[in-house]
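J.: One line per chain: the protein sequences are A and B, in this order.
In case it helps, my numbering puts the first sequence at residues 1 to 411.
In case it helps, my numbering puts the second sequence at residues 1001 to 1411.
A couple of the hints might just be wrong.
If we take Cβ atoms under 10 Å as the criterion, some of the chain A residues that face chain B in the derived model are [to be verified]:
#1 MET1
#2 LEU86
#3 GLY97
#4 TYR394
If you are wondering where the hints come from, they were derived from the structure by calculation, not from laboratory data.
Backbone N, C-alpha and C define an ideal beta-carbon position, used for all residues, glycine too.
Protein chains: 2
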Amino acid sequence: MRKLFTDIKAIHGIEDNTKSLLKGAEMSRVVTIHDAWLLTENGNFANWGSMQDSDLPKADEIISLHGLEVLPGLVDSHTHCIFAQLRSGEWEMRLKGATYEEIAAAGGGILNSAYKLRIMDEEWLYEQSLWRVKRMIEHGSTTIEIKSGYGLSIESELKMLRIGRRIEKNVKATIKTTFLGAHAVPPEFKGRQDDYVAHIINDMLPAVCAEGLADHMDVFCDRGFFTPEQTLLLLEAAAKYGLPAKIHANELGITGGVQVAAKAGAWSADHLEHIGNEEIECLRNSEVMPVGLPGTSYFLDIPYAPARTIIDAGLPFALASDFNPGSSPVCNLQMVWSLGCSRMKMLPTEAFNAITLNAARSLRLEKSIGSIAAGKQADFWITETHNAIQSVPYFFGVNHAKTVYLSANQA
Amino acid sequence: MRKLFTDIKAIHGIEDNTKSLLKGAEMSRVVTIHDAWLLTENGNFANWGSMQDSDLPKADEIISLHGLEVLPGLVDSHTHCIFAQLRSGEWEMRLKGATYEEIAAAGGGILNSAYKLRIMDEEWLYEQSLWRVKRMIEHGSTTIEIKSGYGLSIESELKMLRIGRRIEKNVKATIKTTFLGAHAVPPEFKGRQDDYVAHIINDMLPAVCAEGLADHMDVFCDRGFFTPEQTLLLLEAAAKYGLPAKIHANELGITGGVQVAAKAGAWSADHLEHIGNEEIECLRNSEVMPVGLPGTSYFLDIPYAPARTIIDAGLPFALASDFNPGSSPVCNLQMVWSLGCSRMKMLPTEAFNAITLNAARSLRLEKSIGSIAAGKQADFWITETHNAIQSVPYFFGVNHAKTVYLSANQA
């Protein structure tokens, strides 16, 4: 099936399909062609060119895009979008002066989500989570990573990951799941953190892998959560099951997370609100993609990952939503793109590459998604907003996506 | 024509229709009823009650809202939504380090908008601006104030205000226009600021009023713009034509704007990023509504108006978008509500009242809009988001309005 999209004002984000990531000064590069056509074949991008060409390619279907602009599908590489309910009450507590850590200590935070999720009917949890994923897709995210970690028991972690796989089957976007049993220590293991680590390794991980429910393993390595030593044990155990590592690192302090990520060969180290030169050197000597989560910094009013320092050091950088009910209630990756610029001083082009090709790389999916390149999945969205790479993040707080096209529907 | 809306999960923002504004501790009050019906009659709210009532009122039409929540239409009391084009290029300059004032000095800023607007075809400007107003309405704003001020010549100011009136005729929302010839000094009057003030008073104001194009007069009273003395002259001249005053005050420094507002009996003093005790005392002894514009503070990375101090001093407070291409490219008042909480530490209820009843008061429209009250215009919107007063501003960067109902369509 060949589909020809015509009358496109601009196609943004065309990138050589051998390029696996963009780093340093390269990150400000976005290739755009104007007054264009775009051809897809069996769900993949096939070719593009100018409407001035004397012959347009033949196709089974021709769709005019009436002067709108085309961008590649956005990649949200870090979300916690399966959850029982919004935690706006805790937010109101914070507005009155409580800190995130105080709320966690008072039984709120991740454990509050875990409590609510454990008692929630699986069907209802699935419906709610599916609704959220559909909202994310409407806002242009065509690849979404989803973590467990609000279960913190075998039964509830499996419940979350099964829902992740059900969502994968029931939407046309690309869904990847991550086992995050080590998101917090559940109340049953209070004061026995090492026992919980052993439980994850000996009981939860085998159960998750027996059903093939996870694509990656993740650990919250930070002050008050898991130590670097525990994190390494967990990631090494996961590696034995073939699960690649991702990591929550350096959100609350300089706590060794980046170093563990490098040692474990993690695909990404996410958060990075607190890093210094040592962490940057460590990232430079690794294949770990640094991932910033500006929605969290904005919402918790904590420092932002030093994107400028990272990029100016010649490194790559990705951005994700961290969509979750406690620290980042934002499902719109265009808003994250905007925060990356307004708050981290990334250029619009840099932040665009951070939610497309580099985000794909953080999931090691850069060969199939993340840019408009021949042979990649034909995931893209169209917008009425002119000069979209600059104007979408500038004109913030709304959805600029008029229609989202998913590869699975082009086949 | 009586319309009965049934199966409403919650109706928020019911307020006694004799209440003209909420101040101090009252601002955290929002009256909500659950499991409700809502009756409109000839485009006005008529009554509401519980779905458990034994008899529901008779109506010409019955519409089930299927368990969604109802909020009163939002009131955006300060916008510059008639403009020629986005200024995302200037934003990129700022991301690279230039300040707002440096950009203005380099010919950008308001004068850049004025240059582009003057040469823009009126029909095209109307179409673009109408498109923006429709976006604002989709996001729940049912009353919108629109300022001139990107013309800065008789011809171009009239062009803007005529477009404002055309928009008023062609949408069902409530539109009010404001003459802001004193937004900046145009290049033709460079170095002759007093001459420009005289030109506004002697030539522009009479022309605007002869056609009945403006509902209010506004002046940008600040460092580098108009002095308090010039502002007072301008507002007194407007008063002779029956035009009530609004004012841009204290955005760039403690520059006397609030005092002029009080002296001129202005309906509102907007911005207020830089105010001290003296300004708060001055507001307390006046009928001036203080209006914060957090989109501007967020986007320019300047201080926020001290909402907490103002409310805790027992004063009322309103919020608006300041939607404009240079300093606040945000048309979604729900995002402004969110910024009011996250950045100004207003409670969700306080910020809600700041974009409904108090915003209506800043336009002296509190008798007809701003809350759900018998006899007020039946402007409202519905959302799937549960516990909307807390959750809409929490779950930020998206549009929570599923459908917006305008009074003019209920009649």
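J.: Taking the least C-beta to C-beta distance, is A/TYR394 closer than 10 Å to chain B?
T.: 4 Å, holds
J.: With a cut-off of 10 Å, does the beta carbon of A/GLY97 approach a beta carbon of chain B closely enough for the hint to hold?
T.: 9 Å, holds
J.: Can the hint on A/MET1 be confirmed by a CB-to-CB distance to chain B that is less than 10 Å?
T.: 33 Å, violated
J.: Verify the interface restraint on A/LEU86: the C-beta must sit less than 10 Å from at least one C-beta of chain B.
T.: 5 Å, holds
In terms of the numbered hints stated before, the structure departs from hint 1 and from no other.
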